[in-house]
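Asker: For reference, the chains in residue letters:
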Amino acid sequence: MKKLYPFLLLVLVLGCQFNDDPKLPPVEERVSDAIEEMEDLLVDPGNGWRIDYRPNDLGGDYLILLDFDRQGNVRIQSDIGANDGEFRDHIVPYRIDVGQGVELVLETYGVFHYLFELNQTSFGGEFEFIFNEEQNGDLVFDSKSDGSVIIFQRAIGNEASQISIETISLLEESFFRAPVEALVGNFVPYNMYLEDVDATVSITMDLDLRRMKIHGIASGQSINDILTNPMRTEIDHSTVFSISGGSINLAESTNLSFGGKNLTFSSIPIENLEKTTFSFCEDFVDSLANFSSSNVPTLGNIELTSSLAATHTLFEPGNSSSVNPASIFDEDDGQTISDQISAQFPDVVAFQWYYGQPLNDGSTLTALGWVTVDELNNVDFILRECELIKQGNLITINWTGTFFREESLSQEQMDGATDLLDLIFEGGQVYMLDALVQEGLSEFYNPCNRVKSFILL
Amino acid sequence: MKKVAEKILMIAVLGFSLSACYPTEDLDVAVNEPDTGLDTELDIYIEQNFTQEYGMAIRYKFVDNYVSPTERVTPPRLESVRPMLDFIEEFWINPYLDVPNGEEFFRNHVPAEIVFLGGLIFNNDGTVTLGTADAGAQITFTNVNAVDPTNIEWRNLQLQTVYHEFAHSVHQRYKLPNAFETFTATGYTSAGAWFTLNDQQALGRGFVSPYATSSPNEDFAETVAFFFFDPDFDANFIELIPDCEEDDCTTENTGRNAISIKLAAISDHYERVTGVSLESLREAVQSRL
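These protein sequence lines map, in sequence, to chains P and W. Residue numbers in the first sequence follow our numbering, run continuously in steps of one, and reach 451 at the last position. Residue numbers in the second sequence follow our numbering, run continuously in steps of one, and reach 479 at the last position.
One chain only, chain P, in its complex shape:
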């Protein structure tokens, strides 16, 4: 044992030579230094920071400018016109935390929180940023929620002038229908008349998501031309866009030859707003927005008008879809009509579309109706046969008078189901409108009673 004493002494003497750097300051000082360094970086640029913010791959870019001060506040300017322009220019407190890394937290509600909450928080917006690195003067952050990268670029000085507030205000005049519910976005169908080729291009734009779909082109300008003119071509081009310089700028342009002319869709000016009216159902007059521009490159003179009509729709024979009754809405009050449905027709679990559905015997079924499940889990169908006539995206429903139903259903239940179908399809026509938040998601909209719902095609 005595032989070990020198070794033990050595251990005692040298044991601490593997210690941390004795010059390393205590943790609270390191935390304080990290916060101070982050604050120095944030307040450094004289013109603040610019973010071309794309919260998810489905949507386009938002221009956001940030100007931090040392009092813990950040002035935020953005080109997002929601909530009556609340987010165009606002100040929120910020905090720098040191947790898993250095984190920038925007502490009260602002534009980033708005984007975070969109689509029931599935939109991809973020308001907690984990600092990653400084890269050529830019600050690279990671989203705390999903790890996506957000880059703060040093602003040059004139970025605020690029925020197209007027353009966004003009576009908001396009909303002639009440905003649609969460999860389906805020989309507007437009028709763009091209004077040089006497043809109309159908476009749907989601102004929140900043995504558009160019459906197709048809000769002529009237609603009847858009829906029925046989001179038509499907385009089916989807792209995201940004808004700047008074225009909608497509991230991916598309080309088309029509009427002997090559057309390139890359930018659509939004100017010269005029309000106009149109009656999509004889009992209603809808107020539409019309934008006109001259000599647009390759397109010539154009008129862009909000609408319901489109040259094309995804709704095709063979489509069948189930709809949760809770997602059938009366647009006038924004409420679901599910209570009305269950009051008239208890146990209903689904509203059912069958459009040219192939059957085992080789025939097809076109019918609309209801699916019920009783307390014993017995599933019953009550379907009302109809003929669906498709013109553009306008669907005309002609009831044949034939019902398909389980024998267990009472006459009273059948009458209730029939009344509900008459209510939903009052006027006999609905427009199919492509929602852009999900491929295949369409809204059917009845212009005669403002009833609408969503089906996945």
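Rather than coming from a laboratory, the hints here were simulated on the basis of the structure. Wrong hints could be hidden among the right ones.
Computed from the model, here is a short list of chain P residues facing chain W with C-beta under 7 Å [as the list claims (entries may be wrong)]: (1) PHE110; (2) GLU111; (3) GLN114; (4) THR115.
Away from chain W, derived, C-beta distances all over 10 Å, residues of chain P [said to hold, decoys possible]: (5) ASN41; (6) PHE170; (7) ASP192; (8) THR233; (9) THR271; (10) VAL290; (11) SER321; (12) ALA337; (13) VAL373.
Taking CB as the label site, the calculated pair distances span [said to hold, decoys possible]: (14) P:ASN130 with W:VAL253: 27 to 35 Å; (15) W:ASN447 with P:GLY434: 49 to 57 Å; (16) P:VAL279 with W:GLN476: 39 to 47 Å.
Built from N, CA and C at the ideal position, the CB exists for glycine as well.
Given the coordinates of chain P, work out where chain W should sit on it, guided by the hints.
Answerer: Same frame as chain P, but now just chain W:
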């Protein structure tokens, strides 16, 4: 013995040598502590009127550990905070100050922390939570951005939340009324199944809401909350339907009778353990609606 002593010495030396390698660091340093500085008039107002007055911290700036990692929330907009403070003062605090023994009860039971959230709580499983509390220590108000006491739907959501959560402090500290669990013993739902009931089915079982069927504690809190904020509580839950012959009607009357019995037990218990009259509190609340 000597060998044992030598071994002990050796272990002690090694232990000392290793432990000596760690620099002295304070472990009680909060690295993620929210800034508690009184930066603004709003912060000063909160400090004076809530923190110092009642020992109640108001959290309106976002801190992620105020909610579960599975919950996705946003903070309120700055402009909504003061109106929300006025709202909870008028409709939650002041009714207690108005009734005998109410102030003492309120001060002794007030939760340490009130959290304001701008919108609703979105859960990872796709559900939405309207309001929440944590064992009487924290009450969370959701949808503060929509603050509007004249909006009955919004007001009822907030009042239901705060009266419900505050009612939990009574049974947590003083237990439930005697045999409370037995009054509607067969009506409680199995874990997580309360949402399969609608309002009418819950009423038939003797509960003021489907959520009340989830446990005796929630039943207690829901009954107190509805009794406070629902101006038509008697008509909706107590008064028997006359000339009742159909099965649905007799079921509902059975439920109404059960609620009446439970309310009487709650009222008696509440006054006995807190010294505060449930009926007086209801009157103080209703006079403000």
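Asker: Broken hints, numbered, in rising order?
Answerer: Result: no hint breaks.
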